[in-house]
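Chain H is fixed; fit chain R with the ligands onto it per the hints.
First to last, the sequence lines map onto chains H and R. Oh and the first sequence: position 8 is 8 in this note's numbering, straight run, nothing missing. Oh and the second sequence: position 101 is 101 in this note's numbering, straight run, nothing missing.
Hints in this document: simulated from the structure, not taken from any laboratory. Just so you know, these numbers come straight off a predicted model, no measurement behind them. Note that the Cβ used here is the ideal one computed from N, Cα and C, for glycine as well. One or more of the hints may lead you astray.
Listed next, the stretches of chain R that the computed footprint assigns to chain H, with coverage defined by at least 3 CB atoms under 8 Å from CB atoms of chain H [unchecked claim]: (1) 63–73; (2) 83–92; (3) 101–108.
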Amino acid sequence: MESGFLHQLVQQLINGISLGSIYALIALGYTMIYGILKLINFAHGDIYMLGAYIGFVCTSILKLSFLPALIVSMIGAALAGMVIERVAYRPMRNAPRIAILITAIGVSFFLENVMILFASPQPRTFPAVFTATVYHVGAWVVNSQQIVILVSALVLMVALTYIVNQTRAGKAMRAVSFDADAARLMGIDIDSTISMTFALGSALAAAGGVLVGIYYNSIDPLMGMVPGIKAFVAAVLGGIGIIPGAMLGGIILGVVEALVSGFISSTFRDAAAFAILIIILLFKPQGLMGKNIREKV
Amino acid sequence: MDMLTVEDINVYYGAIHAIKGISLSVAKGGITTLIGSNGAGKSTTLHTISGLLKPKTGKITFEGQDITGKPAHKIVGMGLSQVPEGRHVFANMTVMENLDLGAYLRTDKEEINKDLTDVFTKFPRLLERKDQIAGTLSGGEQQMLAMGRALMSRPRLMLLDEPSMGLAPLLVQEIFNIIKEINDSGTTVLLVEQNARMALSIADKAYVLETGNITLEGTGKELLNSEAVQKAYLGG
Ligand SMILES: Nc1ncnc2c1ncn2[C@@H]1O[C@H](COP(=O)(O)OP(=O)(O)O)[C@@H](O)[C@H]1O
Ligand SMILES: [Mg+2]
Chain H
1 MESGFLHQLV QQLINGISLG SIYALIALGY TMIYGILKLI NFAHGDIYML
51 GAYIGFVCTS ILKLSFLPAL IVSMIGAALA GMVIERVAYR PMRNAPRIAI
101 LITAIGVSFF LENVMILFAS PQPRTFPAVF TATVYHVGAW VVNSQQIVIL
151 VSALVLMVAL TYIVNQTRAG KAMRAVSFDA DAARLMGIDI DSTISMTFAL
201 GSALAAAGGV LVGIYYNSID PLMGMVPGIK AFVAAVLGGI GIIPGAMLGG
251 IILGVVEALV SGFISSTFRD AAAFAILIII LLFKPQGLMG KNIREKV
Chain R
1 MDMLTVEDIN VYYGAIHAIK GISLSVAKGG ITTLIGSNGA GKSTTLHTIS
51 GLLKPKTGKI TFEGQDITGK PAHKIVGMGL SQVPEGRHVF ANMTVMENLD
101 LGAYLRTDKE EINKDLTDVF TKFPRLLERK DQIAGTLSGG EQQMLAMGRA
151 LMSRPRLMLL DEPSMGLAPL LVQEIFNIIK EINDSGTTVL LVEQNARMAL
201 SIADKAYVLE TGNITLEGTG KELLNSEAVQ KAYLGG
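Same shape as in the complex, but just chain H (with noise of 0.2 Å):
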């Protein structure tokens, strides 16, 4: 049974992949938030559940194939996370920090409970977009929709690196989450910066969102709480506030969960989550990709 070991580690390394891939897309934006404003957004599991209606409605009703759902869906919670933006953080931008806090798991329970009012408190089953082919690559086994999810996220994260670093936004979300006055002083328009900066990392989680649908065929209101809770130990055990550090996060966080239930038990699946943002707190705050004190002049 040597290899029968072998054989199952890497089909849950498999499994794990795909799980974090979905994770590291979450924690992108809670990452890029805490980045700009130093919030943690307790709303953005939500954002990621109303990612998932759209995508839903897109393509149970309105009938669109995967792509089109995807960007619907992307450009939707886009316009959800600014407006939310506007609305409810924009006017606490100084006030003291809880009370941002506050606001935020207020905007959470409000998002949930519009969804439960619109969309009823049932699970939905998420159409079949796919159809699951599964695919034995030697004696191991992955389906149709754990490829979609790992080229999606990875496409989308490869596109996220490049609008950060490479495009005159990417700069300005930088040079703003490192120090806005300066940011300022260079003509940058802070509040259109923050504005797309939601833009972005609600689109990701709405890709999220998607994906898991997908993956799992079943959407309900209070499905991003979860997730978001550990999409946030993702980005802190990357390194919160470091976009890298979200992704590696995001996959580390998966392959654990499934090494868990494949050789333990998936019962511990997320207290292992939970372990490890003990672990991380303890022996390295700042997360695994985190400076130890951040250079500043």
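The following block gives chain R with the ligands in isolation, referenced to the frame of chain H:
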């Protein structure tokens, strides 16, 4: 002709009344300096001119246009840029990225490249280190980068907040030479300094700020020779 006029501004931090009705003007083409001890309100004044802070009352006019309360990012685009106290370079980005951000509002590629060449001529050390992360530069180099970055917006008026702070005497001299050079090439300068002797010696016009009030004004020479200034700011 006055390029910038500040008329009777009052600036508050919450309940703290930091600037108490000051007025000053900056003549086009010259170097004007604002000296005063720590906490006098020099940075607050510059922040208010740049639009980072809004005055409660008073008026600020730049090149004939009322800029009172205009947001900072719009003021930069009008040709007024600031080199903030403590440099505030983007320490996590390269020297080149910092300079690029200085030209954030510009689209004239060719002219930007011309200004970049100019900056590298003024500050050869920035050229040597253009791919280095700004946070790894020395204090003097960071000051040069902050000045180069401000020049990249091609300002007609440049505000400098304590550019000599924390630098070795030799470097201070170098920075002051460059300020004169920048001014000679046509940029009007408003210089804030605690190093009063150096500042007054290059200034055409000077103001003394004390706890939010302007207490003295005159030409640089007049203030250098004034007894009150010698006592309070020139060590005797
Ligand atoms: N962010 C702030 N909040 C509250 N008070 C401030 C703030 N910044 C400056 N002050 C106060 O305003 C006054 C002027 O400060 P500042 O303009 O920085 O002086 P200077 O640049 O001349 O050293 C000081 O009394 C200072 O304590
Ligand atoms: Mg100061």
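Here's how the hints hold up against the structure:
no. : hint    : verdict
1   : 63–73   : holds (count 3)
2   : 83–92   : holds (count 8)
3   : 101–108 : holds (count 4)
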